Amino acid sequence: MKTILGGLAVALALGACGAGQTHPNLFATDWEDDGGRSVAAIRAKIGAAAPPVGADVAVAVAGNSDKLVGIPLAGGTAWTFPHAIDVRPAIAGSVVVGEGGGELFCLDAASGKKLWARPAGGMVLHGAGDDGRVTVVSLGQSGQGSLLLAVNRDGSVARQIDTDKSLGVPAVLAGYAFVPWSNQYVSVLDLTSGEEAGRILLRGQVSHAMAVGGALYFGESALFRFDDAIKGASHDQATKLTVPQRELPGTPMLYQPGDQKLSPVAAALDKTRLYARPTSATPIGLDSDRFYGTYFRLAMAFDAKSTKLAWVHSDKDDIVGGAAGPASLVLCDDSGAVTVLDAATGGVERELSLGGPIKSCVVQADGLAPSQPQPPPPLATQISAALTNRDAEMVAGQRLLLREMATLEDPSVTKTLVELASNPLTAPLLLTDARSAIAARRNGAQYMIEALGRHYDFLHDVLLTPPVGPMAQALAAMKNKQAAPLLASHLLDPADTDDDVKQAAAALVDIGDAGQVPQLREFFMLYRAAPDSEDLSSAVTSAGQALLVFGGPDGRKVVDGALADSLVPEALKARLSAIEQQLEAQKGPKAPKK
Amino acid sequence: MEHGKILLVASAGVVAICAALSGSVARAQVARPPSTGAPPGAEAPAGPAAPATPAMKVSAAAAADLKSGDPGKIRGALDEIRMAGKGPGSQYAGAIVELLQRGVPGSVAEAALDTLGDLEAESASPVIAQYMQHRNVKVRQAATKALIKTKGPVAVRALRHALSDQDPMVRGVAANGLGALKAKEAVPDLFLALDHRINEAATSIGMLCNPQECEQLASRIGKFPFDVMSGGIEQALFRPDVSDDSKIKLLGHVRELGTQDANKFLREALKKWPKNGSARVKQSLDQAVQATGGGA
Chain H
1 MKTILGGLAV
11 ALALGACGAG
21 QTHPNLFATD
31 WEDDGGRSVA
41 AIRAKIGAAA
51 PPVGADVAVA
61 VAGNSDKLVG
71 IPLAGGTAWT
81 FPHAIDVRPA
91 IAGSVVVGEG
101 GGELFCLDAA
111 SGKKLWARPA
121 GGMVLHGAGD
131 DGRVTVVSLG
141 QSGQGSLLLA
151 VNRDGSVARQ
161 IDTDKSLGVP
171 AVLAGYAFVP
181 WSNQYVSVLD
191 LTSGEEAGRI
201 LLRGQVSHAM
211 AVGGALYFGE
221 SALFRFDDAI
231 KGASHDQATK
241 LTVPQRELPG
251 TPMLYQPGDQ
261 KLSPVAAALD
271 KTRLYARPTS
281 ATPIGLDSDR
291 FYGTYFRLAM
301 AFDAKSTKLA
311 WVHSDKDDIV
321 GGAAGPASLV
331 LCDDSGAVTV
341 LDAATGGVER
351 ELSLGGPIKS
361 CVVQADGLAP
371 SQPQPPPPLA
381 TQISAALTNR
391 DAEMVAGQRL
401 LLREMATLED
411 PSVTKTLVEL
421 ASNPLTAPLL
431 LTDARSAIAA
441 RRNGAQYMIE
451 ALGRHYDFLH
461 DVLLTPPVGP
471 MAQALAAMKN
481 KQAAPLLASH
491 LLDPADTDDD
501 VKQAAAALVD
511 IGDAGQVPQL
521 REFFMLYRAA
531 PDSEDLSSAV
541 TSAGQALLVF
551 GGPDGRKVVD
561 GALADSLVPE
571 ALKARLSAIE
581 QQLEAQKGPK
591 APKK
Chain U
1 MEHGKILLVA
11 SAGVVAICAA
21 LSGSVARAQV
31 ARPPSTGAPP
41 GAEAPAGPAA
51 PATPAMKVSA
61 AAAADLKSGD
71 PGKIRGALDE
81 IRMAGKGPGS
91 QYAGAIVELL
101 QRGVPGSVAE
111 AALDTLGDLE
121 AESASPVIAQ
131 YMQHRNVKVR
141 QAATKALIKT
151 KGPVAVRALR
161 HALSDQDPMV
171 RGVAANGLGA
181 LKAKEAVPDL
191 FLALDHRINE
201 AATSIGMLCN
211 PQECEQLASR
221 IGKFPFDVMS
231 GGIEQALFRP
241 DVSDDSKIKL
251 LGHVRELGTQ
261 DANKFLREAL
271 KKWPKNGSAR
281 VKQSLDQAVQ
291 ATGGGA
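Chains as they are written, first to last, in the numbering used here: chain H, 1 to 594; chain U, 1 to 296.
Calculated directly from the structure, the hints in this document are not laboratory data.
Everything numeric in this text was worked out from a predicted model, so none of it was measured.
One or more of the hints may lead you astray.
Straight-line distance between alpha carbons at most 27 Å, and here's what the computed DSS-like set of lysine-lysine pairs gives [as the list claims (entries may be wrong)]:
1. K73/U to K573/H
2. K573/H to K557/H
3. K557/H to K481/H
4. K587/H to K573/H
5. K86/U to K573/H
6. K249/U to K272/U
7. K573/H to K67/U
8. K86/U to K73/U
9. K67/H to K305/H
10. K557/H to K73/U
11. K261/H to K113/H
12. K113/H to K67/H
13. K557/H to K67/U
14. K86/U to K67/U
15. K240/H to K305/H
In silico contact screen, one side only, chain H against chain U (beta carbon under 8 Å); selected entries [said to hold, decoys possible]:
16. Y456
17. D457
18. F458
19. P494
20. A495
21. M525
22. L526
23. R528
24. A530
25. D532
26. L567
27. E570
Output of the computed footprint for chain H on chain U, the stretches with three or more beta carbons under 8 Å from beta carbons of chain H [stated by the list, open to error]:
28. 67–76
29. 97–110
30. 125–138
31. 160–172
32. 192–204
Backbone N, C-alpha and C fix where the C-beta goes; we use that ideal spot for every residue, glycine too.
Throw the hints in and build the complete structure from the sequences for me.
Pasting the structure below:
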């Protein structure tokens with residue numbers, strides 16, 4: 001009773017005189033699954049009618065949340081609509097619905113021209129749908145139910161429905177409003193009679209209804225197409241598009257819950273989003289075989305089948321909104337830049353401006369025609385550019401990209417990894433990942449050798465040693481003897497970590513020769529009685545082994561000297577002795593003297 | 001006494017660093033000759049040497065102890081040799097070098113390096129220089145300090161390299177040491193060091209600079225804290241081999257500062273200006289003192 005009274009109060013506040021009556025059985029929870037009969041009948045009535053292609057536009061909240069700014073994506077003049085903005089606007093078909101200062105308003109998406117405005121009645125905009133004639137708007141208020149309005153182009157209310165249920169983002173087609181609610185239903189409301197003409201029970205989270213590419217879809221984390229298969233929805237037989245599962249930074253969502261208010265100011269969730277556009281084909285698929293993830297300043301495209309990274313776009317600023325369009329991804333960043341990217345390559349097709357910094361952004365790209373993109377650099381270069389951003393908040397995204405990059409055979413990847421691991425500004429987590437990736441590289445040796453030429457040098461601002469250990473592992477695996485003198489020089493660099501020295505010494509056993517004996521001897525001398533860590537002890541052992549293998553009689557003498565020295569720890573002696581014996585055994589029994 | 005005070009300021013960095021390294025002021029003073037009260041750069045006055053402490057003898061077992069392989073015995077022998085000093089201890093320099101060449105634990109290496117430093121044996125510089133690459137920072141600090149005393153081209157080369165060490169104390173001691181070793185060829189490195197905030201470099205530059213380099217040093221006045229620069233300025237000001245023109249230019253830069261610190265420095269320099277020193281420079285000092293008298 002309370003809810004009904006509340007609803008009535010809202011209805012009065014909205015001044016919805018002449019609107020149709022609210023049917024008492026709407027959104028009933030005692031509804032029984034009709035096996036898709038009602039929705040099949042609706043589809044028959046709708047026939048070939050399809051949602052018109054929506055406007056291609058980016059709309060932003062700007063200023064002090066006191067104006068909307070829009071720009072057609074195909075090019076054209078940006079428009080500004082000064083108005084208090086209390087929630088994120090919604091683009092539906094060819095209109096933009098906004099709310100602020102207690103008023104609900106509707107603008108022409110292409111021009112920003114006001115079509116109508118009404119009091120919001122204390123309710124908050126959740127979303128809108130539009131079919132070119134009627135705009136359906138869902139509004140809600142926590143604990144006070146929801147209101148669904150169907151408004152004609154002239155601002156007259158064709159239907160007003162209030163309910164104690166929380167309604168999601170609606171769509172409209174051929175006189176029917178498609179209203180998601182309770183996370184599982186889509187009620188199909190006859191806007192003429194006000195009755196619930198049918199209901200769809202979906203086996204998946206649903207809080208959004210939307211028109212994409214001339215078809216209706218419902219969903220939130222997955223999309224269900226409104227086609228003939230929809231009648232089997234309650235048996236999980238609807239045409240369903242699921243975005244492939246893969247690791248993404250920030251656990252992005254395809255859509256935020258549709259029955260909640262979205263702030264006019266973008267938050268972290270808006271910067272870590274998933275974007276995908278369904279195809280109209282059967283079986284259903286992803287447009288251009290792509291899905292996309294954003295992570296602050298990064299936009300990544302993945303192959304729909306393999307889920308492998310296809311390209312990465314680095315923005316100068318945080319990406320706060322976007323949409324997957326036909327063969328494109330459209331992004332807007334908080335500086336007000338709008339970028340249209342080619343879905344296949346990530347090449348920039350267009351760059352537009354909303355005129356200045358923005359608070360948030362919504363984008364619709366439904367019929368955007370592709371244009372010739374600028375050729376992007378190779379993927380390794382794209383990732384490299386993405387990894388140079390030093391913002392701490394970028395690290396999770398960069399770690400993912402680094403792992404992706406490490407799978408590429410391109411030698412330039414080795415160069416990027418070495419640079420990352422040699423840069424004191426690289427975040428510690430990224431540094432660890434880069435070092436691991438370097439150890440596994442089997443190409444780009446020239447970049448490693450170049451890096452090994454560097455040592456810590458305070459006066460010349462080389463404040464981080466190169467990743468000697470991982471490079472030693474990789475170069476030893478590549479049997480690169482050219483690296484041996486450089487690795488030997490790092491044995492005597494006190495700035496290198498114990499682990500680096502350990503790996504360098506171990507590598508020298510494999511790829512070293514007599515040329516490195518002087519450094520090996522010096523290293524062995526300095527630490528044979530002072531192996532202060534396990535790593536260092538291993539390094540001394542390897543140095544001893546190298547001296548035995550290619551140090552000649554003098555090398556053997558050095559090791560034997562250590563074995564006889566009471567200052568040398570017994571554990572180290574045992575290791576050296578074992579190696580000596582092993583090497584002796586490998587030589588085989590001495591030939592008898594003649 | 002005023003001379004002594006000024007010298008104290010000039011070599012405060014040396015004393016502080018060396019004291020931190022050795023843990024005792026007495027040992028630290030070995031890094032530089034104790035103050036004679038003379039201005040920096042001036043030759044030490046001729047005269048009878050300070051009464052020498054009676055030389056201690058090194059026990060007969062010391063040589064064997066050095067070769068014993070027992071860290072305790074080795075350290076004991078090294079202590080004895082140090083106590084005996086340069087004269088009686090010198091004969092053991094070779095054995096200590098051999099010890100280091102064989103390889104010893106870190107604490108023994110420190111003691112051996114300290115001892116070699118006290119023995120001032122240049123022949124030990126090569127092996128000490130090897131220990132400048134040791135991973136144990138205390139060993140590197142001990143090696144740096146020792147090289148300043150063992151001297152020679154090897155020491156200079158190693159100290160120049162040590163200006164790039166990871167450890168700030170090693171860098172600071174090396175910067176001081178290059179001044180003490182009169183390593184004029186290291187002045188460009190010392191400027192680079194000063195520009196990298198190795199403050200000890202300023203004093204050494206002041207000790208070594210040629211006219212152009214002294215002018216370069218002067219051009220940095222105002223860019224670095226005055227207490228960093230004053231040591232270098234003072235060194236150059238009292239050096240007999242620096243021309244009056246260079247000194248007057250230096251004073252001009254100090255005068256331009258116009259600060260109380262600058263005025264105090266100038267007043268103290270004026271007080272200790274040698275009676276037979278340059279009248280032109282003294283006049284310049286006088287004028288600079290007056291000009292900075294109302295400094296903030």
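Consistency of the hints with the structure:
Taking the CA atoms of K73/U and K573/H, the gap is near 22 Å; set against the 27 Å cutoff, the hint holds. With a C-alpha separation of about 14 Å, the suggested pairing of K573/H with K557/H holds against the 27 Å cut-off. Note on K557/H and K481/H: the hinted pairing holds, with a Cα-Cα distance of about 25 Å set against a maximum of 27 Å. Only pairs whose Cα atoms come within 27 Å are accepted, and K587/H paired with K573/H is accepted, the gap being roughly 21 Å.
Restraint check for K86/U and K573/H: the C-alpha separation of about 37 Å exceeds 27 Å, so the hint is violated. Among the hinted pairs, K249/U with K272/U is consistent with the structure: their alpha-carbon atoms are about 19 Å apart, no more than 27 Å. Our distance criterion of 27 Å between C-alpha atoms is met by K573/H and K67/U, whose separation comes to about 19 Å. Pair hint K86/U plus K73/U holds up; C-alpha atoms about 21 Å apart against a cutoff of 27 Å.
Distance check on the hinted pair: K67/H and K305/H sit about 42 Å apart at the alpha-carbon level, beyond 27 Å; violated. A distance of roughly 26 Å separates the Cα atoms of K557/H and K73/U; the hinted pair therefore holds under the 27 Å criterion. Between the alpha carbons of K261/H and K113/H the distance comes to roughly 24 Å, so the proposed pair stays at or under 27 Å and holds. Taken as a hint, the K113/H and K67/H pair is honoured in the structure, with Cα atoms around 13 Å apart against an allowance of 27 Å.
With a CA separation close to 18 Å, the supplied pair K557/H and K67/U stays within the 27 Å bound. Taking the CA atoms of K86/U and K67/U, the gap is about 21 Å. The hint holds against a cut of 27 Å. Taking the CA atoms of K240/H and K305/H, the gap is about 16 Å. The hint holds against a cut of 27 Å. The interface hint given for Y456/H holds, since its Cβ lies 6 Å from the closest Cβ of chain U, which is under the 8 Å cut-off.
The beta carbon of D457/H is positioned within 8 Å of a beta carbon in chain U (closest approach about 5 Å), and the interface hint is therefore held. For the restraint placing F458/H at the interface with chain U, the shortest Cβ-Cβ distance is roughly 4 Å, inside the 8 Å limit, so the hint holds. Restraint check, P494/H versus chain U: the minimum CB separation of about 5 Å is within 8 Å; hint holds. Given hint, A495/H at the interface with chain U, holds; its Cβ is 5 Å from that chain's nearest Cβ, closer than 8 Å.
Residue-level restraint check for M525/H holds (minimum Cβ-Cβ distance to chain U is 5 Å; threshold 8 Å). Of the supplied interface hints, the one on L526/H holds, with its beta-carbon coming within about 6 Å of a beta-carbon of chain U, less than 8 Å. Restraint check, R528/H versus chain U: the minimum CB separation of about 4 Å is within 8 Å; hint holds. This hint holds: A530/H has a C-beta 5 Å from the nearest C-beta of chain U, less than the 8 Å allowed.
Hint status for D532/H: holds, given a least beta-carbon distance of 7 Å to chain U, under 8 Å. The beta carbon of L567/H is positioned within 8 Å of a beta carbon in chain U (closest approach about 6 Å), and the interface hint is therefore held. A cut of 8 Å between beta carbons decides the hint on E570/H: the least distance to chain U is about 13 Å, and the hint is violated. With 3 residues carrying a beta carbon less than 8 Å from a beta carbon of chain H, the region 67–76 of chain U meets the three-residue requirement, and the given coverage holds.
With 8 residues having a Cβ less than 8 Å from any Cβ of chain H, the region 97–110 of chain U passes the three-residue criterion, so the hint holds. With 7 residues bearing a CB less than 8 Å from a CB of chain H, the region 125–138 of chain U meets the requirement of three and the coverage assertion stands. Coverage of the region 160–172 of chain U by chain H holds in this model, with 5 residues showing a Cβ closer than 8 Å to a Cβ of that chain against a need of three. Against chain H, the region 192–204 of chain U contributes 3 residues with a C-beta closer than 8 Å to a partner C-beta. That satisfies the three-residue criterion, and the hint holds.
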